[in-house]
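In order, the protein sequences belong to chains Y and D.
The numbering used here puts the first residue of the first sequence at 1, with every later residue one more than the last.
The numbering used here puts the first residue of the second sequence at 1, with every later residue one more than the last.
The set of hints was computed from the structure by calculation and includes no laboratory data.
Take the hints with a grain of salt, since some may be wrong.
Said to hold, decoys possible - Below are the PhoX-like pairs computed for lysine-lysine, each with C-alpha atoms no more than 20 Å apart in a straight line:
| hint | chain 1 | residue 1 | chain 2 | residue 2 |
| --- | --- | --- | --- | --- |
| 1 | Y | Lys323 | Y | Lys241 |
| 2 | Y | Lys104 | D | Lys106 |
| 3 | Y | Lys351 | Y | Lys310 |
| 4 | Y | Lys351 | Y | Lys323 |
| 5 | D | Lys310 | D | Lys351 |
| 6 | Y | Lys310 | Y | Lys384 |
| 7 | Y | Lys188 | Y | Lys218 |
| 8 | D | Lys218 | D | Lys183 |
| 9 | D | Lys104 | Y | Lys104 |
| 10 | D | Lys218 | Y | Lys106 |
| 11 | D | Lys400 | Y | Lys106 |
| 12 | Y | Lys218 | Y | Lys321 |
Here the structure is a predicted model, which is why all the values come from computation and not from measurement.
2 protein chains.
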Amino acid sequence: MGDFYDQLETRSADQRAADLFGRLPAQIAHAKARAPFFARLLADIDPDGVTGPAQLAKLPVTRKSDLTDHQTAQPPFGGLTATLPSDLYRVFASPGPIYDPEGKGKDWWRIARALYAAGFRQGDLLHNCFSYHFTPGGVMFETAAHALGCPVFPAGIGNTELQARAVADLKPAGYSGTPSFLKTILEKAEEMGWDHSSLTKACVSGEALLPPLRGALKDLGVDVLQAYATADLGLIAYETKAMAGLVVDEGVIVEIVRPGTGDPVPDGEVGEVLVTSFNPDYPVIRFATGDLSAVLAGQSPCGRTNIRLKGWMGRADQTTKIKGMFVHPRQVADVVGRHPGIIRARLVVEKEADADVMTLHVEADGAGDGQAIADTIQSVCKLKGRVQFHPPGALPNDGKVIEDKRA
Amino acid sequence: MGDFYDQLETRSADQRAADLFGRLPAQIAHAKARAPFFARLLADIDPDGVTGPAQLAKLPVTRKSDLTDHQTAQPPFGGLTATLPSDLYRVFASPGPIYDPEGKGKDWWRIARALYAAGFRQGDLLHNCFSYHFTPGGVMFETAAHALGCPVFPAGIGNTELQARAVADLKPAGYSGTPSFLKTILEKAEEMGWDHSSLTKACVSGEALLPPLRGALKDLGVDVLQAYATADLGLIAYETKAMAGLVVDEGVIVEIVRPGTGDPVPDGEVGEVLVTSFNPDYPVIRFATGDLSAVLAGQSPCGRTNIRLKGWMGRADQTTKIKGMFVHPRQVADVVGRHPGIIRARLVVEKEADADVMTLHVEADGAGDGQAIADTIQSVCKLKGRVQFHPPGALPNDGKVIEDKRA
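Take the sequences, apply the hints, and build the full model.
This is the structure:
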């Protein structure tokens, strides 16, 4: 192995698309055959017809925010899994609670690719500070390390002084966990005068890594790269030594869609991360993560050819209470969908004399019929709303469909 | 599979002895060749000569209480491991800290046999409440469950209400962890009105299981059996449905010795548990656990033929401070060794008019030379001691070599 985990990372975009969309019909058929939820959701879908991004974009979305309801209705996994509970390897409970399945097989969460990109190689001891209890974080990185032939110290969370002592005694080559806890451990080691010089690389996740924190860790001797993963999907994207965005994992199809919808946005525009997984046990199709990101233009300087994400840019769920009524992003999308002249829209909520006021800002070519749009708002949201027109490209590119300015 | 995990459990004592002592010379040779600590410790031992219990009993003992010193002198494992750190699977840190290695391979800790005896079968979901962080408890029971084909919920410690909720939602077949935490979880489930009826079996460890606790768990619907395991050795012995002592694991040789020595006591007498392991990665020879137990006479009614232990009967390390000086069990053994007429001895420490007074109570056939023994005490312990004679069998059978009556 050299710079790359495998040859999948450097194939052409055409090869990748041919591979993934070539396998997609069978995966959709598998989901329909084995997972009752997808059998219902995709009842009218012919898997053989889903052969490219345009056809995929027409399939219904499954929202992470609805998982708890699905699981309550049909415990424990809402009918989304294709493997019997008795044939799974582990079961997890994330806050909610949302129950997450893990199937059998090496590196089931596909994190090894991210660890490899962060510099981990066979024999490197990994000091793993994700929790192993209830949530799958610890196991995700441990199974990845084992796939690379790396031994693991399952350190978990807490016990800062004991963590620093273990670093000094066991001399791990690298760390996984949140970046802020790594800083806490290294500073404790410095305070105690304990050696931490063995620890020179880290693969972090679970919180934002801002430049000052990355710089502080660099000053403490550690090169830190990020992995973007969730308890439903495993790896979605990962940072490489180029540190120029997060390269999408080879095992998933990522779309960026208008929040609250399943409609892909143009490349570069901020939207919700939607993932279709090829996992045989948990075959989620168009799973809306609730995270905002955007596709970066061009190719990573590291040589990996897959599309890149800008990283985590906030939460997509912008459901807001206005005059005592919930307004959902999908209602905004509904209004927009009924007026073909609208390019993009953003609902802004403000306080005027202690009353909630909402205005739909729309990008449109030329003038539109404001009264017709206002009528649609009233009809869809059961609330009055103003309409204000803007030229194309005038609204900010931040993924916001509803902006709450009342606070 | 039926009542037994494998055919090893029901072989004759002769077959078992022939198997274990047949493999012992190669294991000792392996330890000497690959583990520097054992190369030094057993430098003068010819492995081919160790073909039975009598020869094994002449080998030097390695005390758990000395592990921290060995590991500090030669980090991280004191030279006791036969596998390179980079080729291990996991590394743990138990309080001390003592670092524990885990090698590669299915059910490395050999706990599956105990889970099987407790009733676990393929497909049963295990709710595992041992910690996965730092210490190997969680992994021990998880890898055992996986060896049986059981999925695992890695619940860890704490979060009582979430634990009870997970039991209600995931419907585990059984539990592993401490028995007192199981009671806490089940009582919380009762309090919340949550169903815990799926959970009917448990394999517990880590603390004493007294009859009232076992009865309370039975009343809550759970049959609880114990496993005796340590972070150095994995499984040593396990309870079966007969609930008549703990059957020794098939992968170890257990001896019960006079505390502070390596001298086997007669069957039935309480002494320190000494284990010789056939583990290829951590080939400990005559490892003194620091735990007290005794061999139970006869065979388990469940049909398993290996010797049985009475369970945990206290700590063997009775080192005591007398008049400001430490007195070790091995010093008592040293005194006894110099006087062949002594069958058994017990040093009793008392307060008389605010001063420490120590008396060596000795079992002897006929009269002995009290003054000669007192002189030996003075010479070995640098302290004066009285001597009192008793007929054979008069001293209590509780493994105590030093009894401190001052408190």
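(Q) Which constraints among the numbered hints does this structure fail? Numbers only, ascending. (A) As far as the earlier hints go, 1, 3, 5, 6, 10, 11, 12 are violated by this structure, in ascending order.
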